[in-house]
Amino acid sequence: MSDIFPKWTNWLPLKIAVGAVLVGTAATAGSWYYLTPKYSNVGYQPVQPVAFSHAIHAGQLGMDCRYCHSAVEKSWYSNIPTASTCMNCHNQVLKDDPKLALVRESAATGKPIPWVQIHKVPDYVYFNHSVHVNRGVSCVECHGRIDKMDEVRQVEPLSMTFCLDCHRHPEKHLRPPDKITDLGWQVDPKTQKQNGEKFKHDWKVQSSQNCSACHR
Amino acid sequence: MRYFLLILALTVVTIMGVAGKRGSLSRQPPIEIFPDMDRQPKLRPQEPNAFFADGKSSREHPAGTVAHAAPLMVNGQAVYPHEDAPVNTGKITGTTNFVETNPFPVTETLMARGQQRYQINCLPCHGPQADGNGITKKLGMGVVANLQEKRFVTMTDGEVFHTISNGKNLMGSYAANVTVPDRWAIVAYLRALQLSKLATLNDVPAEMQSKLKK
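Chains as they are written, first to last, in our numbering: chain A, 623 to 838; chain B, 141 to 354.
Among the hints, a few may not be true.
As the list claims (entries may be wrong) - Taking lysine to aspartate or glutamate and the EDC-like style, the derived pairs with C-alpha atoms no more than 16 Å apart in a straight line are:
| no. | chain 1 | residue 1 | chain 2 | residue 2 |
| --- | --- | --- | --- | --- |
| 1 | A | Lys794 | A | Glu763 |
| 2 | A | Lys820 | A | Asp810 |
| 3 | A | Lys794 | A | Glu819 |
| 4 | B | Lys182 | A | Asp745 |
| 5 | A | Lys742 | B | Asp178 |
| 6 | A | Lys742 | B | Glu172 |
| 7 | A | Lys733 | B | Glu200 |
Since the hints were made in silico from the structure, they are not lab data. Quick caveat: nothing in here was measured; it's all calculated off a predicted structure.
Extracted from the complex, chain A is given alone in its bound form (with noise of 0.2 Å):
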């Protein structure tokens, strides 16, 4: 009999249960670390067709988000500013500068500028920029430090867990509507409980968890 199975057969069995453990488990960690928008979309950052910085802008000069995003209390979307708002200021500011090139002519013949769009949920869902900034959700809760990139990158997953977390604790993230646009403003761990149960009950916050609350 040992002709037809040499003696180190006896140990293929366990060899090939430890090898499948090991490629298993490799597999496994792998597609947990890799296959997730915390790997797929966070720290993306296209090249723009305007080198705008948001940390001179909202940084450096303190400009308030809505100075641009104007429409962001009111609309479901959070507007990409009209070439002529820029213009506001670089009517006088870096007024022939080659770098505004694309802003000058967008204001001059109404042609938009390809701004590449970073944060993108799927088309199904249906989130709404108002309902958020006007119950006390800050733009850095999903954004992050905006007024310290000089180019914007994605830093938050925006997953539905990532909704969800916040969703199901919404006291934790909630703050005074005078500080939503505030990005450097930290929640105080000592007052937070008591001041988010507030609010929540005060703005009447209802934080749903059904899928029909975003999913259309």
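Dock chain B against the given chain A, drawing on the hints supplied.
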């Protein structure tokens, strides 16, 4: 077994080397392996769209049309956006004369709203005290009106509103950025800023005067 372990280790190292860490910078858009109806051929605002000749999904108003909108309530009366009413134009109906005063009653709510909207839209150039010393002055904004000057203090509310709506000289129109009621709120708040520089002791209520005299 040795070769198997070696190949496995090499594969893991290769994948980690190519794929990198979570959150590492990427210039390329995220890869969507399964389409899952994530991107649908529907119109989304401010996105390119090949259906229209100019390629814009957000359509502009055809000339001479007014958006369907809820009316503004001014002293209990409904005013629609297309009407030639002081609240829309800053002018007395049927004339080119500016109205003297704000059509909205000046309440604490209006002032608070005005302060907020002023700080968002006006402060970068006109400064927190409306004296034309905004942060943009340091960066080359040469001509910014000092709204504490007499010609602006004596200007009618209607003309201030008209200026915000249509711009003046180098200042552009803010009609697209600031709604009509918000523009009137800004007018009211600007009046408070001007008064803060001009008021005398006699303007202070009698019971408060003694506090200031100290």
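Do the hints match the structure? See the list:
1. A:Lys794 to A:Glu763: Within the cut-off at roughly 11 Å; holds.
2. A:Lys820 to A:Asp810: holds (14 Å)
3. A:Lys794 to A:Glu819: With Cα atoms ~9 Å apart, A:Lys794 and A:Glu819 stay inside 16 Å; holds.
4. B:Lys182 to A:Asp745: Within the cut-off at roughly 9 Å; holds.
5. A:Lys742 to B:Asp178: Holds, at about 10 Å.
6. A:Lys742 to B:Glu172: Roughly 12 Å between the alpha carbons, so the hint for A:Lys742 and B:Glu172 holds.
7. A:Lys733 to B:Glu200: holds (12 Å)
The structure shown violates none of the earlier numbered hints.
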